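> Given only the sequences and the hints, what does the whole structure look like? Please build it.
Number of protein chains: 2
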Amino acid sequence: MITTKEVAKKAGVSIGTVSNVLTGNIRVSAQRKERVRKAIQELGYHPNDIARCLKLNRTKMLGMVVTDITNPFFSQMVRGAEEAALKHDYLLLTFNTDDRVEREKQVLLVLRARRVDGLLLVVAPTAESPSHIVETLNSGTPIVCLDRVPPGIKVDSVTVDNAAAARECVKHILSVGHKRIGIITGSMQLQTARERLQGFEKALKEAHITPKAGWIQQGDFHTQSGYRLGRELLLSTDRPSAVLVSNWLMMIGFLKALGELELVCPRDISVATFDDPPMSDVFRPQITAVAQPAYSIGYAGAELLIQRIASKRGTENPLAIRLPAELKIRESTADSTSIAGEM
Amino acid sequence: MITTKEVAKKAGVSIGTVSNVLTGNIRVSAQRKERVRKAIQELGYHPNDIARCLKLNRTKMLGMVVTDITNPFFSQMVRGAEEAALKHDYLLLTFNTDDRVEREKQVLLVLRARRVDGLLLVVAPTAESPSHIVETLNSGTPIVCLDRVPPGIKVDSVTVDNAAAARECVKHILSVGHKRIGIITGSMQLQTARERLQGFEKALKEAHITPKAGWIQQGDFHTQSGYRLGRELLLSTDRPSAVLVSNWLMMIGFLKALGELELVCPRDISVATFDDPPMSDVFRPQITAVAQPAYSIGYAGAELLIQRIASKRGTENPLAIRLPAELKIRESTADSTSIAGEM
DNA sequence: TTGTACGCGTTATCAA
DNA sequence: TTGATAACGCGTACAA
Numbered sequence: 001m002i003t004t005k006e007v008a009k010k011a012g013v014s015i016g017t018v019s020n021v022l023t024g025n026i027r028v029s030a031q032r033k034e035r036v037r038k039a040i041q042e043l044g045y046h047p048n049d050i051a052r053c054l055k056l057n058r059t060k061m062l063g064m065v066v067t068d069i070t071n072p073f074f075s076q077m078v079r080g081a082e083e084a085a086l087k088h089d090y091l092l093l094t095f096n097t098d099d100r101v102e103r104e105k106q107v108l109l110v111l112r113a114r115r116v117d118g119l120l121l122v123v124a125p126t127a128e129s130p131s132h133i134v135e136t137l138n139s140g141t142p143i144v145c146l147d148r149v150p151p152g153i154k155v156d157s158v159t160v161d162n163a164a165a166a167r168e169c170v171k172h173i174l175s176v177g178h179k180r181i182g183i184i185t186g187s188m189q190l191q192t193a194r195e196r197l198q199g200f201e202k203a204l205k206e207a208h209i210t211p212k213a214g215w216i217q218q219g220d221f222h223t224q225s226g227y228r229l230g231r232e233l234l235l236s237t238d239r240p241s242a243v244l245v246s247n248w249l250m251m252i253g254f255l256k257a258l259g260e261l262e263l264v265c266p267r268d269i270s271v272a273t274f275d276d277p278p279m280s281d282v283f284r285p286q287i288t289a290v291a292q293p294a295y296s297i298g299y300a301g302a303e304l305l306i307q308r309i310a311s312k313r314g315t316e317n318p319l320a321i322r323l324p325a326e327l328k329i330r331e332s333t334a335d336s337t338s339i340a341g342e343m
Numbered sequence: 001m002i003t004t005k006e007v008a009k010k011a012g013v014s015i016g017t018v019s020n021v022l023t024g025n026i027r028v029s030a031q032r033k034e035r036v037r038k039a040i041q042e043l044g045y046h047p048n049d050i051a052r053c054l055k056l057n058r059t060k061m062l063g064m065v066v067t068d069i070t071n072p073f074f075s076q077m078v079r080g081a082e083e084a085a086l087k088h089d090y091l092l093l094t095f096n097t098d099d100r101v102e103r104e105k106q107v108l109l110v111l112r113a114r115r116v117d118g119l120l121l122v123v124a125p126t127a128e129s130p131s132h133i134v135e136t137l138n139s140g141t142p143i144v145c146l147d148r149v150p151p152g153i154k155v156d157s158v159t160v161d162n163a164a165a166a167r168e169c170v171k172h173i174l175s176v177g178h179k180r181i182g183i184i185t186g187s188m189q190l191q192t193a194r195e196r197l198q199g200f201e202k203a204l205k206e207a208h209i210t211p212k213a214g215w216i217q218q219g220d221f222h223t224q225s226g227y228r229l230g231r232e233l234l235l236s237t238d239r240p241s242a243v244l245v246s247n248w249l250m251m252i253g254f255l256k257a258l259g260e261l262e263l264v265c266p267r268d269i270s271v272a273t274f275d276d277p278p279m280s281d282v283f284r285p286q287i288t289a290v291a292q293p294a295y296s297i298g299y300a301g302a303e304l305l306i307q308r309i310a311s312k313r314g315t316e317n318p319l320a321i322r323l324p325a326e327l328k329i330r331e332s333t334a335d336s337t338s339i340a341g342e343m
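Chains D and V, in that order, give the protein sequences. Counting in this note's numbering, the first sequence runs from 1 upward without gaps. Counting in this note's numbering, the second sequence runs from 1 upward without gaps.
None of these hints come from the bench; they were simulated from the model. Here the structure is a predicted model, which is why all the values come from computation and not from measurement. Just so you know, not all the hints are guaranteed correct.
[What the hints assert, rightly or not] Estimated spans, in silico, between C-beta atoms of each pair:
#	chain 1	residue 1	chain 2	residue 2	range
1	D	I15	V	S14	28 to 38 Å
2	V	S131	D	M188	48 to 58 Å
3	D	M188	V	E326	35 to 45 Å
4	D	H88	V	S14	40 to 50 Å
5	D	I2	V	S131	15 to 25 Å
[To be verified] One side only, chain V facing chain D, incomplete, derived with CB under 10 Å:
#	residue
6	G44
7	N96
8	I287
A virtual CB, placed ideally from N, CA and C, is assigned to each residue, including glycine.
Here is the structure:
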């Protein structure tokens, strides 16, 4: 592997001069600059960023920790973060935790060992207050939490207003005539999931409707729980006429249950969901969805993080960026009055 | 930031001893080992992998370059690669190129500067033989190409047998009675796309059918081309009764065109595609698809790459792993004889 | 078994 | 402007 030393020898200059033409920090005469350029060219020299990182004590790398990159919500978030990161010459080190907090702990240790300059983090659900996150913050690594904020920790975040979005969604469901509305929530350990439930409850309360306890089912944002709880809801003696499924993965499970029971949406039941993958318009049923700005969450998060890194200041009063979500009304929430058998 | 030196001082041992207990390469007395552990604990020491990388001249990082992580095919591939990489203590540095070869060139330079130990690469389509890949190989960085192999380069690869899979798919379409079959291909600069076309043509030839020229449309594996060419096919005076769309993204575009023209699959036209995202079973129409083992491609690729890195041998005779694809027959390729108006 | 000293490829400081 | 040299934090050969 070619080094600056060899380049220097070939160009007949000192190693310092090579470094100066490389970084451009210190002026070097045009003549020598050219000699160095030629040597670099001929030797096929490629700078060693590892050595540079060690010297400069920064890596220009960001850790990106998400639940599962296979979930379109997160893959778009990663792309947004990548775009912003690359703009500032940062690289992304991406990890999936599958919402397992032990994985998250391991990953944070690895990332600290790698000396990433900052962390973009979608926290895993957990019962206790996540001390590993606090420790990482205390070690001097800035963190921006995306989509979810861990309880009781002062940390920057980029989220959407889940309560408002859920409320708007349920208001729409009410507006087309539904009164028997259920919800499949995410893990109650996640603020995101709790907020969506709150929005749901608020909308019902405003309509003077008391939700039936059995219609509030707690899932975990993964497909299987959508299937299981969907089945349960659909098989109950008096099933709701509409269900808000709190994310896309659970919606897939829910629709699977629907199909198995030979029920059809929206004929037999209306549904709406959070998240809105690109193919929503071309398949049936077309699902009414709260479209979250996943890409923007990633982008804004990376921008904020890089800003924090640059300013080097501790985050005594963290910034909480809230991005708007957009309700996309589609056929899955039909006008219930137009449907036979509806109350 | 705590260093081994400080740990050594606190534990009252030499810096070498600390290093030895850290790496475990050289035996150290139980008593001193314990002293070191305690010091590490109390100081909150975290090893600096950057320095270790510089010293050991390897980074335990793999570059992963794909078209677009937002495409479920690639996100699954990344997860497979991540799984295999983590198993061997390697980290993944992931990049998207959006199939732009200039981006690919930039990314390879960055990755070389970062001294990644190896590269997992989904090449971008390009007219010329990609010299930047050869250069990277010559620089001593092992590369495993995934899904696509660049023309005229000796390099390891993990792919599926696209020709066989396409042929099987078209044979199925023929078997349900279709004779007027079209195809929307990917970029002809990609071997993957060419193979799928070849399989298509072979199946037709075996059935003694000469494909109509206008029914072979060249796309680029992106949604927009599926839409545009789909529209073209569907609006032509004698449109095919079935179309093989060469990947999932173009299928989404195709279905959009279908919907706009108020045509229904499979009533008006049958379709099949490559790639099979998780939600295929719950939405209508359910698309007949060649399910590629995306996760396994990534996993096997990373395994092979790590093996190459370990053996340090040049790749004079590259390995070409072929993984099987599975045809999933669904309602989108209906029995044409049961459909009114079909010849 | 333990400690000392050197080097990995850079950048940065300081004389010249 | 340029060149020599000291770090950055770690692993390891070598001597003790």
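> If a hint holds in the structure, say so; if it doesn't, say that too.
For each hint, the structure was consulted:
Our hint of 28 to 38 Å for D/I15 and V/S14 holds, since their Cβ atoms are close to 31 Å apart. One distance hint, 48 to 58 Å for the beta-carbon pair V/S131 and D/M188, holds here, with the actual separation near 56 Å. Between D/M188 and V/E326 the CB atoms are about 39 Å apart, so this pair conforms to the stated range of 35 to 45 Å. For the hinted restraint 40 to 50 Å between D/H88 and V/S14, the CB-CB distance of approximately 41 Å keeps it satisfied.
Evaluation of the 15 to 25 Å hint for D/I2 and V/S131 yields a pass: the beta carbon distance comes to about 19 Å. Taking 10 Å as the C-beta contact cut-off toward chain D, the hint placing V/G44 at the interface holds, the least distance being around 7 Å. Hint status for V/N96 relative to chain D: holds, with the closest Cβ pair at about 6 Å, below 10 Å. For V/I287, the shortest C-beta to C-beta distance to chain D is roughly 9 Å, which falls under 10 Å, so the interface hint holds.
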